[in-house]
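Read top to bottom, the protein sequences are chains A and B. Residue 507 in our numbering is what sits at position 156 of the first sequence, and the numbering runs on without skipping anything. Residue 189 in our numbering is what sits at position 187 of the second sequence, and the numbering runs on without skipping anything.
I should point out that these hints are in silico values taken from the structure, not numbers from a laboratory. Computed from a predicted model, the values in this text were never measured in an experiment. Misleading hints may appear alongside valid ones.
Here are a few chain B residues that sit away from chain A, every Cβ distance over 12 angstroms (derived from the structure) [what the hints assert, rightly or not]:
(1) Gln54
(2) Lys70
(3) Asn74
(4) Arg78
(5) Arg81
Just so you have them, the derived chain B footprint on chain A, three or more residues with Cβ under 8 angstroms [said to hold, decoys possible]:
(6) 494-504
(7) 512-523
Glycine residues also receive a C-beta, built at the ideal position from the N, C-alpha and C atoms.
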Amino acid sequence: MPEALTFERVLLGTTFLLNGGLVVLLGYRKNYRVFPFFSSYVVLNLLQGIALFEVYRIWTFGSTASILVAWGLQFLVILARAFAVAEICHRVLARYQGVWKLASLLLLVAAAFVSLFAWAFSQGKWRSAILSLDRGVELAIASAIVVLFFFARYYAVDLDPAVSTLAAGFFLYSAFRVLDNTLVEQWLIHSTRLWNLLGTVTFLATLLLWTWALRQAQRPATLELLPQDHYRSLSPAINARLKALNEQLGRFWHAEGRNT
Amino acid sequence: MSFVFYLFLVIIGVLFVVFVPLLRNPKRQADPFPAAAALHDFPGSHVIHFPQIRRALAPMDYEFVSQKIPRNALRRMRRERRQVALDYLSALHAEFDRLLRTARVIAALSPEVAARQELERILLTVKFLSRYRMIRLSLWTGFKPLSQLSNLTNLLSGYSVRLEEAIRALGERAADVAEMVSSPDRRRIHPV
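Looking at chain A on its own, in the form it has when it is part of the complex:
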């Protein structure tokens, strides 16, 4: 396996460099002001790489101590990723206060439901349980991003291209992690090396997307809203008219049915 190990190291090195580059870019463009949680996540990822390098240097790869530390760090990174995704959702919809209140609730419910669903399909062993937890969170993130984009499309919310690309990066990473975790859980529970390799390739591709998205400085977005009474008076009126149009179609249909 020496070739595979070398390839793995090259990939890890490239990912580490790209991660460092993204941290520098975030600082240089001052995008950490607009995306503080995303920036924290990227920094944490970089620190995780350094910490894991030290852990595997001190303890052997696969030892109980290294596994515990590695999963502990992974837990922190997943948590940071969840906050970063929440920040992206906030960035897209928060300007639209009413929609954001509705969407944030739905996003939370959807994420919780999907996590539980994924957890329900976990297998008994503890290592498998960690993978299932990871898979549940990743599936929840991917679903939340789809729901977010659906909301944005439904309410004709203007999507900032940079934010779209960041979200697409999260979606791609999470989706492939779900498949990766499922694959490993099902057949290759002992092949952690393959799991790491697939995860690294996915993360590398995601880092490229994020670097592209943040190549320019981002500005905080603002929007003036209409008074609340407009919605209260017009929304029921519009719904009533939509209902009437619907009834017209319904009668159209029934009348036709009776007379043909």
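With chain A's structure known, arrange chain B on it following the hints.
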């Protein structure tokens, strides 16, 4: 290959199928306040043309005409009238779409929205679209929808007048806000 693997593969596949079209942003950000255009763009209701449609599809009319004109001309007349009915349906659909767009813009720009109203609108949309497709299909296949809708037409016309007045007022307000958003000195303008 196990069931769980296929299950997650299908879920991810479905998420991709839904996500990729959503990624395409249909609107560019040239207008800082795109809602203003949607609020102004609100023409009169198409339901006022329903009496003509009713007349065009009435069986008695066909019976009368069939005694007066040759079969070829009758067939052409049926085809043309069916096309008129299809166009009317399309116009109703367009009106529904415009209303939906307006409702979404108002919801998006409101500091608070009611989940019940939003859900009701989604259900109405699903109902409308399913009915629309069925009626359209029936017209294509040669069925002749009849006319018992004059009351509803009156009702819709009433709604139309009231709503258009309200939306026109809202459009003016929205334009003011748009102007304020693009103004270099926002402190001097009070939108509300």
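Hint check:
1. Gln54: Gln54 of chain B is indeed farther than 12 angstroms from all Cβ atoms of chain A, at 15 angstroms.
2. Lys70: 23 angstroms, holds
3. Asn74: 23 angstroms, holds
4. Arg78: Holds: least Cβ distance 21 angstroms, greater than 12 angstroms.
5. Arg81: 17 angstroms, holds
6. 494-504: Three-residue rule met by the stretch 494-504 of chain A, so holds; n is 7.
7. 512-523: holds (count 4)
This entry satisfies every hint, going by the numbered hints stated previously.
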